[in-house]
Each structure stands twice: as structure tokens, then as C-alpha cells.
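Number of protein chains: 2
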Amino acid sequence: MGLIDNINKLFDHRIRLGIMSILMVNEEVDFNRLKELLDVTDGNLASHTKTLENAEYIKIEKSFIGKKPNTKYIITRVGRKAFKKHIDALEHLIRNPE
Amino acid sequence: MGLIDNINKLFDHRIRLGIMSILMVNEEVDFNRLKELLDVTDGNLASHTKTLENAEYIKIEKSFIGKKPNTKYIITRVGRKAFKKHIDALEHLIRNPE
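Protein chains in written order, with UniProt numbering: chain V, 1 to 98; chain P, 1 to 98.
Since the hints were derived computationally from the structure, they do not count as laboratory data.
As the structure is a computational prediction, the values presented were derived from the model and not from experiment.
Hints are supplied without guarantee of correctness; some may be wrong.
Note that identical chains are pooled: a pair holds if it fits in a single copy or bridges any two copies.
Only pairs whose alpha carbons sit at most 30 angstroms apart, straight line, appear in this in silico DSS-like list of lysine-lysine [as the list claims (entries may be wrong)]:
# : residue 1 : residue 2
1 : 85        : 35
2 : 59        : 85
3 : 67        : 50
4 : 68        : 50
5 : 9         : 50
Next comes chain V alone, as it looks inside the complex (with noise of 0.2 angstroms):
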């Protein structure tokens, strides 16, 4: 048993971190405002949403606003569990580590 055996791969990137800290805290954020929060670039925010997405641990809703396409990110129960057990892992091994 590591210490760092419950960090979650797909959670320990920076970006990764950020979107699911963002979509912990709010029910739905859309694509440009987690871009803004996060002073990301389209491509980057794309390929870290569909890495979480795949894990099943975000959904995405796409609608319209008027004429304009939508794109919505929801964090799932799924998500939620795993992201908490995460931060768990992280705040321990900072605090405690040996």
C-alpha cells in the first residue's frame, strides 16, 4: 500500500483537476465559461473534457441558444465519488505523509 495509491490517474493533471473542482460546486458550467475559469485553449479544454467524459465521470448536454450551438458539462454521480475520494487521497498525503 503506497501513499499515493488512491490518486486517481485521470484526476492528477492540473486541467483535469480544475474542471471537476468547477463542476463540484455548480450544477452545469458550459464550455466557454470553464475555458475563462480556467485560461485554457479550446483544444486543451476539449481533449481533458473527453478524457473525463470516456471515465463516465462528466456528461455533456448540447443545445441551442437561439441560433448558437451549446455545449453543457454535468459532473455524474459517478464522477462525484470517485473526484471525493481523490481529493481525500491528496489532502492526506499533503497533510500526513509520513
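Following the hints, put chain P in place on chain V, whose structure we already have.
Showing chain P alone in chain V's frame:
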């Protein structure tokens, strides 16, 4: 200014996070002890300690215990300061993203 700007890319990996967390609360730790605590391979640990050493966040002391070579790791003042800043940014992100 993005939410993740103060997150240090050099610490943005669970093994490097683990190494720094351990060295923050121990004066010095040798290679085998780090390997045991983190449950990682020799190669993995060697490459991550090398990255942290190149950034002057840790320093390495080589000595002999009897006839056996021993490698110890110590956090530097610069490393301690940078890691504290990283942890603060991580905790800010996790606690109150937006």
C-alpha cells in the same frame, strides 16, 4: 488569471507530489525509504527525483553505509517555498473554485 495558474507543472504528478510531501516533513529520506512509501519502481522514482533535482527543488547526498552506497534526498529552501505555493493553489482550487 486562471484558477490553475499557480499550480506548478513540476509538481503536477502524483509521484512528484508524494516525494515533495514526504521531504517537507522529513529532514532527509533515502531512496529505498521513498520507494517503499510511494510503492513505485526504481526507474520511476529515479526519473522523478532527477526532474526535481534539475529544478533545484531537492538536493541529493551520496554517502556509504559500510561498503554500501546510500543516496539521500533533502528539500531545498527554494523547493519548500515553491511547494508551499503549489499546495496553497491546490487547496484553493479544491475548496472554492468558483
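Alpha-carbon proximity context of residue 67 and residue 50, limit 30 angstroms: within (24 angstroms within a copy, 53 angstroms between copies)
Intra- versus inter-copy proximity for residue 50 and residue 68 (alpha-carbon distance at most 30 angstroms): Within one copy, since 21 angstroms is at most 30 angstroms while 49 angstroms is not.
Copy assignment of residue 9 with residue 50, given that the CA separation must stay at most 30 angstroms: both (15 angstroms within a copy, 21 angstroms between copies)
Within, between, both or neither, where residue 85 and residue 35 count as close if Cα-Cα is 30 angstroms or less: both (25 angstroms within a copy, 23 angstroms between copies)
30 angstroms Cα threshold - placement of residue 85 relative to residue 59: within (19 angstroms within a copy, 32 angstroms between copies)
Of the numbered hints listed earlier, not one is contradicted by the structure.
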